[in-house]
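Which chain is which? The protein sequence lines are Y and C, in order. My numbering applies: residue 1 is where the first sequence begins, and numbers increase by one. My numbering applies: residue 1 is where the second sequence begins, and numbers increase by one.
These are computed hints drawn from the structure, not numbers from a lab. Every residue gets a Cβ at the ideal spot worked out from N, C-alpha and C, and that includes glycine.
Under 10 Å between C-beta atoms, here's a sample of chain Y residues computed to sit facing chain C:
| id | residue |
| --- | --- |
| 1 | Pro194 |
| 2 | Gln196 |
| 3 | Arg208 |
Cβ-Cβ distance ranges computed for the label pairs, FRET-style:
| id | chain 1 | residue 1 | chain 2 | residue 2 | range |
| --- | --- | --- | --- | --- | --- |
| 4 | C | Gly35 | Y | Gly35 | 35 to 45 Å |
| 5 | Y | Arg189 | C | Arg114 | 34 to 44 Å |
| 6 | C | Thr102 | Y | Thr142 | 52 to 62 Å |
Protein chains: 2
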Amino acid sequence: MRSVCFTAVASSDGVVERDFTVGEVPGVLFSPASGGDHAPLVLMGHGGGLHKKTPALVARARDAVTKWGFTVVAVDAPGHGDRPRSAADERARTDLREAMTTGDAGGVRAVSARYGAALAERAVPEWQAVLDALQELPGIGTEAPVGYGGGITLGTAIGIRLAAIEPRITAAIFGGGFVVDQALIDAARRITVPVQFLLPWDDEHVDRESALALFDAFASTEKTLHANPGDHRTIRWSGVDDGFLARHLGVN
Amino acid sequence: MRSVCFTAVASSDGVVERDFTVGEVPGVLFSPASGGDHAPLVLMGHGGGLHKKTPALVARARDAVTKWGFTVVAVDAPGHGDRPRSAADERARTDLREAMTTGDAGGVRAVSARYGAALAERAVPEWQAVLDALQELPGIGTEAPVGYGGGITLGTAIGIRLAAIEPRITAAIFGGGFVVDQALIDAARRITVPVQFLLPWDDEHVDRESALALFDAFASTEKTLHANPGDHRTIRWSGVDDGFLARHLGVN
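Please model the complete structure; the sequences and the hints are all you need to start from.
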């Protein structure tokens with residue numbers, strides 16, 4: 001088993017950010033400056049083409065630490081952020097860019113589905129290794145409940161496959177904004193923990209029907225679909241239950 | 001114009017309940033025992049076959065008074081509660097019961113759509129007359145913002161048609177669980193105020209597609225779809241933004 005190597009630490013406004021690696025996977029751990037021992041641990045995914053310190057992710061992570069006392073961990077997905085890109089990564093990114101430039105919606109979907117599935121296949125065991133290593137740390141341990149904190153697009157394509165096989169995840173936030181294939185539907189059918197599903201209602205790159213079929217597929221008795229107008233870049237969420245993870249991870 | 005005639009008053013746990021009539025329409029006004037002058041006014045609809053004092057409605061109304069300081073008004077829909085039933089009402093109820101008993105889903109939908117539309121046609125001007133009369137009261141007046149507080153099924157079939165033509169309504173909660181016809185879609189297209197739309201995800205009497213088409217039709221830039229598993233009788237709502245009306249009616 002691989003251990004956590006901390007490589008940098010910074011602290012501001014009551015939140016400590018620790019950069020780390022677990023094997024070749026770089027990550028960042030956000031935790032309360034004090035009193036965060038054995039706090040619920042939230043795994044936060046980033047979107048396709050982005051990385052573990054994308055401003056929106058950092059803002060959500062810091063908010064979760066400050067508001068709920070969570071510890072939050074984010075990692076770079078394969079081929080993203082600080083990680084090297086393979087020839088296959090470069091090819092997929094070029095294909096995706098070309099399809100988007102020429103307005104080839106079918107092409108965007110095909111490349112996204114194929115590349116997303118390939119990334120998720122690599123990312124799921126990485127998340128499990130990171131979780132194993134973090135649970136070895138005295139301030140985290142195995143008793144803290146674990147949730148998946150979403151990220152629409154790639155963060156959800158990975159998160160659904162992870163939650164389907166990882167019993168340590170006891171509640172999860174997923175989101176639309178990506179391509180749904182049969183493998184993802186099948187993974188969703190294996191998920192029974194409470195799910196909050198955030199759907200941008202007007203996403204040009206998403207087939208709304210398939211996103212609704214994905215929500216339908218979760219086997220969870222407690223699941224919530226929340227949709228607002230907009231696509232995954234322009235959406236302004238409103239009325240989202242931001243206490244969802246806290247409630248299910250035992251805060252309050 | 002018709003005035004409000006109060007016929008009974010009762011008070012408990014900080015909430016005053018005043019029975020009233022406006023013309024032939026019986027209603028009930030829930031208000032804070034003190035300090036409720038010019039509070040936001042919420043019109044609350046009841047479901048098909050129910051009435052203005054159905055326990056679930058009373059519970060929601062009292063909660064809204066206690067939690068947000070709203071004044072809430074409910075009225076019996078035509079042919080419901082304390083109101084006489086016409087021969088047409090009796091016939092529609094018999095038809096509906098028969099279709100439900102024989103498990104004729106198409107029949108249930110056909111009768112519901114026809115009867116719901118007929119009831120709404122009568123109920124909309126009644127709501128407007130009640131609102132006119134209430135605004136004449138010194139404790140309410142015309143300056144208090146007005147919202148529609150939902151009720152799925154019949155409460156929404158009436159509410160959408162009302163909000164489409166009534167500029168005094170500045171935010172509305174609607175819900176699935178009823179039959180959607182083209183007239184209702186057309187009414188939804190005329191609504192531009194913030195909408196919260198509550199959808200029971202597994203309602204046997206509702207075509208999910210048409211409920212989603214209804215959500216799609218609202219012209220509101222701010223609208224939220226919220227779905228949980230269950231049908232309109234068994235649903236347990238979770239994670240609903242219960243501050244929606246308060247936010248839009250100027251509380252907080």
